[in-house]
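Engineer: What follows is the residue order along each chain.
Protein chains: 2
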Amino acid sequence: MPRYFGTPPGVHVGQQFIDRRELHFAGVHRPPQAGISGTKAEGADSLVVSGGYSDDEDHGDYILYTGHGGKDPNSSRQIAHQTVEAPGNAGLITSMVQTLPVRVVRGRHSASPYAPAAGYRYAGLFLVTDFKPAIGVDGFTIIQFRLDRIPEQDEYIAAAPGERDPAFVSTVVTRRIRDSAVAREVKAIYDFTCQACGISIEGFEGRRYAEGAHVRPLGKPHLGADLLTNLLCLCPNHHTQLDNGGLFIRRDMGLEDRLGVGVGELTFKKSHLLLQENAAYHREIWKLAS
Amino acid sequence: MPRYFGTPPGVHVGQQFIDRRELHFAGVHRPPQAGISGTKAEGADSLVVSGGYSDDEDHGDYILYTGHGGKDPNSSRQIAHQTVEAPGNAGLITSMVQTLPVRVVRGRHSASPYAPAAGYRYAGLFLVTDFKPAIGVDGFTIIQFRLDRIPEQDEYIAAAPGERDPAFVSTVVTRRIRDSAVAREVKAIYDFTCQACGISIEGFEGRRYAEGAHVRPLGKPHLGADLLTNLLCLCPNHHTQLDNGGLFIRRDMGLEDRLGVGVGELTFKKSHLLLQENAAYHREIWKLAS
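These protein sequences, in sequence, are chains A and B. When we follow this note's numbering, the leftmost residue of the first sequence carries the number 122, and every step to the right adds one. When we follow this note's numbering, the leftmost residue of the second sequence carries the number 122, and every step to the right adds one.
Hints in this document: simulated from the structure, not taken from any laboratory. There could be a bad hint or two in this list.
Any copy, or any two copies together, can satisfy a pair, since identical chains are not distinguished.
Here are the simulated lysine-lysine pairs, DSSO-like style, with alpha carbons at most 30 Å apart [claimed, not checked]:
(1) 391 - 253
(2) 161 - 391
(3) 390 - 161
(4) 161 - 408
(5) 341 - 161
(6) 390 - 408
(7) 341 - 253
Values in this document were obtained by computation on a predicted structure and should not be read as measured data.
Pulled out of the complex, with its shape left as it was, chain A reads as follows (with noise of 0.2 Å):
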């Protein structure tokens, strides 16, 4: 059976399950034991937070979610690194790369507010908007993943009437691209025109779209700074590759790819400058991942 992205059929937001195996039967999440669902092929399906690991936060509409491995079952603490060539670990980057919808359930044993008295608790869909490697309170490598709750988005589901049963079409998932006021104002200043590539995508009439692209991530974990200094003007397309650990920033303000093969450079306004600390953080966490 191919793994199954989305939210089963006839199960619903904030339902309860009882245990693993009622998890298991619902399609809600599949292994007996494991916390993650997945593999690196084929992206992570679903996981429980537990509340087993001492990194993990949980906000309600985001969670700070430490991956698998390193633990000592009995103790519960961390006896070892934690690597993403682990399967769990591999196919939620997987999942974060290609925007997969994974399930989250939520088990009593969570020190979060948000976590049921007793069993499992369905949390509904997330996406894997960000990942960190960090040292944890134990000492050892941890990888920090960050869960972002996908909004509702029924009305979609009713939109082709008919034409498919409308339980078997998955929730829609977005794509979240961090757009402040900053982020258009390095817009406005390259004029819509990508530093890495010169390309301007026109749309309607001649309108143009960019992207401001956080070069060290906003918020938690990576607490960025929404400002223009850690910003660029980039098309869609360099934006996504930024992101997902396959272009990096040289001290130069030249571009590699994942190889370290050049791959052009950056062009700047005199107006316009992206501080270094900001390319290393993004360079770093990338190289410590792998």
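Given the coordinates of chain A, assemble chain B onto it according to the supplied hints.
Structural biologist: Coordinates of chain B only, in the frame set by chain A:
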């Protein structure tokens, strides 16, 4: 004073205003009479939903909003065609292409269950996600816009403590890409390769990224189907261009830009077919608008 996008400092979602004068001085909606504040060059920064158009639909999280023009101020009936050249309408299209956030205010006249009992209420920031020229209930052309509420993203506002007054950091905006199960299917068919240009975006360790592009948009007002026959596998750049009226599909599956110049052709696998009527719908919408 440059046009201000985003929620002004000190204003909160749900805030009540007695009259247009109060809206003006709070910087929520500047024009004394017009329903839309904006121009083609700058984009639209705010609008008022007042229920004056019989084709408006307020669904809370999204609104179908009739553009400006052609209305008899006394009878509130449509007496002439609307055009995309009217500054308000042109501004909303610029806001759509450039993903600018639009402040939405609901007035008491609205037939909507979300409207206030008296005066005006600030409904927060929305994105213009679609538009459609249509024949209104009064028999004249109207420009119908779809506005989607931006989910709250307050967390990011605190991302750069001390570096900028948080009150002046605008709310973060997201660009939505509908990525359903069928969209994932079309990406698998083409192995994440763009049908327009053959590019495949590579991320971490060779993971690849592409987007499932609905030719006739999903949901209201377009009601496109979430089916393979309405989908293409595209790189983000070509997807953006297609969605914003800069790229069109000819009957022979050739591609042309907004000036009608040929720019290559779509590549198809044997297991995939785009319905002519979906490509025709997409061409027609933008042609009707211009």
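Engineer: Indicate, hint by hint, whether the structure satisfies it.
Structural biologist: Here's how the hints hold up against the structure:
no.: 1; hint: 391 - 253; result: neither (32 Å within a copy, 41 Å between copies)
no.: 2; hint: 161 - 391; result: between (43 Å within a copy, 28 Å between copies)
no.: 3; hint: 390 - 161; result: between (40 Å within a copy, 26 Å between copies)
no.: 4; hint: 161 - 408; result: within (18 Å within a copy, 44 Å between copies)
no.: 5; hint: 341 - 161; result: within (24 Å within a copy, 36 Å between copies)
no.: 6; hint: 390 - 408; result: within (29 Å within a copy, 37 Å between copies)
no.: 7; hint: 341 - 253; result: within (10 Å within a copy, 38 Å between copies)
Going down the numbered hints, you'll see the structure goes against just number 1.
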